[in-house]
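Enquirer: If you read the protein sequences in the order shown, they are chains A and B. Sequential numbering from 7 applies to the first sequence in the working numbering. Sequential numbering from 740 applies to the second sequence in the working numbering.
Among the clues, some could well be false.
[Unchecked claim] Chain B is nowhere near these chain A residues, computed Cβ spacing over 10 Å in every case:
1) LYS10
2) SER11
3) THR13
4) GLY18
5) MET19
6) ILE45
7) LYS62
8) PHE77
9) SER83
10) ILE101
11) ARG111
12) ILE115
13) LEU138
[As the list claims (entries may be wrong)] In silico DSS-like links for lysine-lysine, alpha-carbon gap of 25 Å or less:
14) A/LYS137 with B/LYS815
15) B/LYS836 with A/LYS137
16) B/LYS743 with A/LYS168
17) B/LYS745 with A/LYS168
18) B/LYS743 with A/LYS104
19) B/LYS839 with A/LYS137
20) B/LYS747 with A/LYS137
21) A/LYS169 with B/LYS829
22) A/LYS137 with B/LYS835
23) A/LYS137 with B/LYS768
24) A/LYS137 with B/LYS745
25) B/LYS745 with A/LYS104
26) A/LYS137 with B/LYS796
27) B/LYS747 with A/LYS104
Calculated from the structure, these hints are not laboratory results. Since the structure is predicted, the reported quantities are computational estimates derived from the model, not experimental observations. Where a beta carbon is used, it is the ideal one built from N, C-alpha and C, also for glycine.
Letter by letter, the chains look like this.
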Amino acid sequence: MNRKSTTVAYLGMLTALAMILSYVESLIPMSVGIPGVKIGLANLVVMVALYTVGIKWAFALSMVRIILVGFTFGSMSSMMYSFAGGMLSFLVMVIAKKTGFFSVRGVSILGGVFHNVGQIALAICLVENVKLVFYFPVLLVSGTAAGVAIGILATMIIVRVKKVYRNDEDKMDGAK
Amino acid sequence: MEQKGKLKNDLILVTVLLLVAVITFFAMKVYQKQTTNHAMVVVSVDGKEWGRYPLNKNCKKVISLSDGQYNELTIKDGYADMTDATCPDKICVHHKKISKNGETLVCLPHKVVVEIESEEESNVDGSTN
């Protein structure tokens with residue numbers, strides 16, 4: 007029971023952190039002129055959650071964050087783009103983590119890249135114009151760069167958080 | 740030791756991603772170069788064509804949408820540029836002006852797409868450019 011309340015408190019804190027980071031990111035002027043280029047600071051929190059509380063809770067966190075941020079700082083359309091990017095990047099990150107082939111950095115890079123891929127895919131569907139693929143190389147590079155930065159940060163944070171917060175699911179993962 | 744292997748995998752991943760980016764970038768450049776002839780500026784709103792204008796004729800068009808929203812498109816010296824818009828993010832306005840086939844100016848909030856389209860795909864007499 008104690009364990010459960012710890013998890014609840016921990017997830018609450020992460021959600022708040024993710025919201026703040028999304029807000030901070032919206033304050034940073036990004037006038038590169040290309041839709042979809044983002045640092046993805048909030049993905050840092052999702053990564054930390056993925057490696058500490060496990061897939062189920064990390065997914066819940068990611069979805070709650072998108073909905074809350076969408077209602078507070080964004081619009082319906084920005085929320086849809088976040089969903090497309092968030093879902094795809096989460097799926098890819100989970101798969102990448104499961105294979106055990108990549109470190110936290112590798113998982114984060116894939117997350118960053120596929121976040122952009124998801125957004126541009128939705129944009130192509132919504133705007134009904136395949137020509138948007140022309141943004142693809144730029145988004146690939148920016149996604150990789152953002153992924154490296156977030157990955158390095160996440161590695162450092164996960165090591166420290168794991169000293170304080172340990173989950174049962176995590177122990178099971180370790181036993182495998 | 741396991742960590743070292745993973746670091747190597749990460750580096751491979753980064754290299755592959757960047758390589759793919761570079762290759763697609765140049766492939767698109769080549770594609771654009773081959774097809775920029777008698778270019779038209781095509782404006783579409785919500786997937787439906789709104790209008791098309793020759794790229795070599797200077798003009799200014801206001802794309803007015805419902806409830807007072809608009810995007811202002813300027814065609815000048817063979818370049819198309821979004822000069823003003825009422826959208827919240829202004830990404831389309833900050834975007835650099837476009838001139839090559841397949842390039843686009845996109846205003847996601849307004850679902851407005853401005854793209855350069857060559858009238859004909861490059862063929863034999865396309866060299867008289």
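Enquirer: It remains to establish, for every hint, whether it holds in the given structure.
Expert: Outcome of the hint check:
At roughly 32 Å from the closest C-beta of chain B, the C-beta of A/LYS10 stays outside 10 Å, upholding its exclusion from the interface. At the 10 Å boundary, the C-beta of A/SER11 stays outside the reach of chain B, the nearest C-beta of that chain being 34 Å off. The beta carbon of A/THR13 sits about 28 Å from the closest Cβ of chain B, which is more than 10 Å, so the claim that it is off the interface holds. At the 10 Å boundary, the C-beta of A/GLY18 stays outside the reach of chain B, the nearest C-beta of that chain being 30 Å off.
Here A/MET19 stays apart from chain B, with its beta-carbon at least about 28 Å from theirs, past the 10 Å limit. With a least CB separation of 16 Å from chain B, A/ILE45 remains clear of the 10 Å interface cut-off, as annotated. Distance to chain B confirms A/LYS62 as a non-interface residue, since its nearest Cβ pair spans about 24 Å, more than 10 Å. Consistency note on A/PHE77: stated as away from chain B, and its beta-carbon is indeed over 10 Å from all of that chain's, at 15 Å minimum.
The beta carbon of A/SER83 is not kept farther than 10 Å from every beta carbon of chain B, the shortest such distance being approximately 6 Å. Residue placement check: A/ILE101 keeps its beta carbon more than 10 Å from all beta carbons of chain B (closest about 13 Å). Not every C-beta of chain B lies more than 10 Å from that of A/ARG111, the closest at about 5 Å, which undercuts listing it as non-interface. Its beta-carbon lying about 6 Å from the closest one in chain B, A/ILE115 breaks the requirement of being farther than 10 Å from that chain.
The beta carbon of A/LEU138 is not kept farther than 10 Å from every beta carbon of chain B, the shortest such distance being approximately 7 Å. The straight-line distance between the Cα atoms of A/LYS137 and B/LYS815 is roughly 22 Å, inside the 25 Å bound, and the hint therefore holds. Only pairs whose Cα atoms come within 25 Å are accepted, and B/LYS836 paired with A/LYS137 is accepted, the gap being roughly 16 Å. Of the pairs offered as hints, the one joining B/LYS743 and A/LYS168 holds, with about 21 Å between alpha carbons and a cut-off of 25 Å not exceeded.
A distance of roughly 20 Å separates the Cα atoms of B/LYS745 and A/LYS168; the hinted pair therefore holds under the 25 Å criterion. As the CA atoms of B/LYS743 and A/LYS104 are separated by approximately 18 Å, the hinted pair is consistent with the 25 Å bound. Between the alpha carbons of B/LYS839 and A/LYS137 the distance comes to roughly 12 Å, so the proposed pair stays at or under 25 Å and holds. For the hint pairing B/LYS747 with A/LYS137, the CA-to-CA distance comes to about 35 Å; that exceeds 25 Å, so the pair is violated.
Straight-line distance between C-alpha atoms of A/LYS169 and B/LYS829 comes to about 44 Å, which puts the hinted pair past the 25 Å bound. At roughly 17 Å between alpha-carbon atoms, A/LYS137 and B/LYS835 fall within 25 Å of each other, so this suggested pair holds. Pair hint A/LYS137 plus B/LYS768 holds up; C-alpha atoms about 13 Å apart against a cutoff of 25 Å. Simply put, A/LYS137 and B/LYS745 have alpha-carbon atoms about 36 Å apart, too far for the 25 Å limit, and the pair is violated.
The straight-line distance between the Cα atoms of B/LYS745 and A/LYS104 is roughly 13 Å, inside the 25 Å bound, and the hint therefore holds. At most 25 Å may separate the alpha-carbon atoms for a hinted pair to count; A/LYS137 and B/LYS796 meet this at roughly 23 Å. A hinted pair counts as satisfied when its Cα atoms are at most 25 Å apart, and B/LYS747 with A/LYS104 qualifies at roughly 18 Å.
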